[in-house]
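Asker: Below, each chain spelled out in residue letters.
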Amino acid sequence: QKEVEQNSGPLSVPEGAIASLNCTYSDRGSQSFFWYRQYSGKSPELIMFIYSNGDKEDGRFTAQLNKASQYVSLLIRDSQPSDSATYLCAVNPSNTGNQFYFGTGTSLTVIP
Amino acid sequence: KAGVTQTPRYLIKTRGQQVTLSCSPISGHRSVSWYQQTPGQGLQFLFEYFSETQRNKGNFPGRFSGRQFSNSRSEMNVSTLELGDSALYLCASTELQNTEAFFGQGTRLTVV
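Chain order of the listed sequences is A and B.
First residue of the first sequence? That's 1 in the working numbering, and the numbers climb one at a time after it.
First residue of the second sequence? That's 1 in the working numbering, and the numbers climb one at a time after it.
These are calculated hints, taken from the structure and not from any lab test.
Bear in mind that the values here come from a model prediction, so they are computed numbers and not experimental data.
Do not rely on the hints blindly, as some may be mistaken.
[What the hints assert, rightly or not] Negatives, chain B to chain A, calculated, CB over 12 Å:
id	residue
1	Ala2
2	Gln6
3	Gln18
4	Gly40
5	Leu43
6	Phe47
7	Gly62
8	Phe64
9	Arg67
10	Asn71
11	Ser79
12	Glu82
13	Leu83
14	Leu90
15	Leu96
16	Thr110
[As the list claims (entries may be wrong)] Simulated DEER-style distance windows between Cβ atoms:
id	chain 1	residue 1	chain 2	residue 2	range
17	A	Ala68	B	Gln18	44 to 52 Å
18	A	Gly9	B	Gln44	15 to 23 Å
19	A	Lys42	B	Gly40	16 to 24 Å
20	B	Glu52	A	Asp27	23 to 31 Å
21	B	Thr110	A	Leu11	39 to 47 Å
[Claimed, not checked] Partner residues aside, some chain A positions facing chain B, computed with beta carbon under 8 Å:
id	residue
22	Phe34
23	Phe49
24	Ser94
25	Gly105
Beta carbons: idealized from backbone N, C-alpha and C, even for Gly.
Here chain B stands alone, though its shape is the one from the complex (with noise of 0.2 Å):
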């Protein structure tokens, strides 16, 4: 069974650009999360979705957004991007509720 499959890898953007960032899961599963990875504040959730919705979301301003597709695949768009952005996105999948996630190699992500 192939893992989660993040796209791109690696981005560099501008300030003030938007990005979007791709995200297929597991076959099968249908619950995608985010998370923001920084050394100076650990892995941060950023927002869950679950058939198409979004059913929970983290501490994050409104720049940060998400949506999900009806295969299961989600993007993560960042719009107005800071050098505060900067930072490794994670995806991860997960089958069912309460259960072990499984995370994508990432989106490092550097704004300049």
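This is chain A alone, in the form it adopts within the complex (with noise of 0.2 Å):
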């Protein structure tokens, strides 16, 4: 079973404040990983991808990766009120394809 897992939260931060997303995998092997946003009644849609160990950032976002400790985490600075929903942790263990595992999604609400 190729597990994602999330804390579920709910997290809530003060507006301006840094909100820290949390994720581990099981399969070792797995190769990309990927940050949604998911508001409710919408679907996913993509905040940041990350691919090698260490830090990508992208404007408020950063994405940090420790492929030895299984381990992904989405930083958002200044956090803003419609930053509120729930984030989604994906990794694709195939190297055959593209097959994502989610996390069940850790709830953000940003408190103005």
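Please assemble the complex out of the two chains, which come individually in their own frames, going by the hints.
Answerer: Structure, rendered in structure tokens:
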């Protein structure tokens, strides 16, 4: 079973603070890692992807990958109320296609 | 560029019936994956099609099947519907292997 685990939350942070979301995965051979945001009643939308160990920054978002620890995280700086959503960690363990395994998501609320 | 299009958006079916869902991927994307999303289980991978061939398959019963046409459009079929099949069914389109997946708006299936 190729598991992806996230803290379900809910996670609440004040506006302007840093939100930290964490994810662990079980398949050591996993190739690619993704963070999606899902608003209630909507489909997931891609925030970031990361393939290599280390940090990757895109605007207010930073993804961190540590393959040795099988750990992926997402930092959201200067959190805004519009960031309130469920954040899904996805892992593609396949080297023969696109087969994503998702965590159950972390619910984030940014308090104005 | 148009996004991923799923039809219909909503469906209500009776137990024992069958249903067909449709997905048109982003132009140029040849990989189409299907996911089931329920509150209890989160997003679960059903199968992936690439160049009209099923490339990966998740752990779902044989009642769930799919196909892909030469224009990359895909259909998913569920036969002998059960109450537990009520879910949001999401289609994802990917350009290359191990790259990001873009989701359609989903089809909300309710089985009564």
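Asker: Hints first: check each against the structure and report whether it holds.
Answerer: The hints, checked one at a time:
1. Ala2: holds, 15 Å
2. Gln6: Since the minimum Cβ distance to chain A is about 9 Å, Gln6(B) lies within 12 Å and the statement is violated.
3. Gln18: holds, 24 Å
4. Gly40: violated, 9 Å
5. Leu43: violated, 4 Å
6. Phe47: Incorrect as stated: the minimum Cβ-Cβ distance to chain A is 9 Å, not above 12 Å.
7. Gly62: Correct as stated: the minimum Cβ-Cβ distance to chain A is 18 Å, above 12 Å.
8. Phe64: The claim holds: Phe64(B) sits with its nearest Cβ about 15 Å from chain A, beyond 12 Å.
9. Arg67: holds, 16 Å
10. Asn71: Asn71(B) is indeed farther than 12 Å from all Cβ atoms of chain A, at 19 Å.
11. Ser79: holds, 23 Å
12. Glu82: The claim stands: Glu82(B) keeps its Cβ more than 12 Å from every Cβ of chain A (closest is about 22 Å).
13. Leu83: holds, 21 Å
14. Leu90: At about 6 Å from chain A, Leu90(B) fails to clear the 12 Å cut-off, so the statement is violated.
15. Leu96: violated, 9 Å
16. Thr110: The claim holds: Thr110(B) sits with its nearest Cβ about 14 Å from chain A, beyond 12 Å.
17. Ala68(A) to Gln18(B): 44 to 52 Å: About 47 Å separates the Cβ atoms of Ala68(A) and Gln18(B), which means 44 to 52 Å holds.
18. Gly9(A) to Gln44(B): 15 to 23 Å: Because 20 Å falls inside the window, the suggested range holds.
19. Lys42(A) to Gly40(B): 16 to 24 Å: holds, 19 Å
20. Glu52(B) to Asp27(A): 23 to 31 Å: Since Glu52(B) and Asp27(A) have Cβ atoms about 28 Å apart, the given range 23 to 31 Å holds.
21. Thr110(B) to Leu11(A): 39 to 47 Å: violated, 30 Å
22. Phe34: holds, 6 Å
23. Phe49: At about 5 Å, which falls below the 8 Å cut-off, the nearest Cβ of chain B leaves the hint on Phe49(A) intact, so it holds.
24. Ser94: holds, 6 Å
25. Gly105: Holds - the Cβ of Gly105(A) comes within 8 Å of chain B, reaching about 6 Å at its closest.
Checked against the numbered hints above, the structure violates hints 2, 4, 5, 6, 14, 15, 21; every other hint is satisfied.
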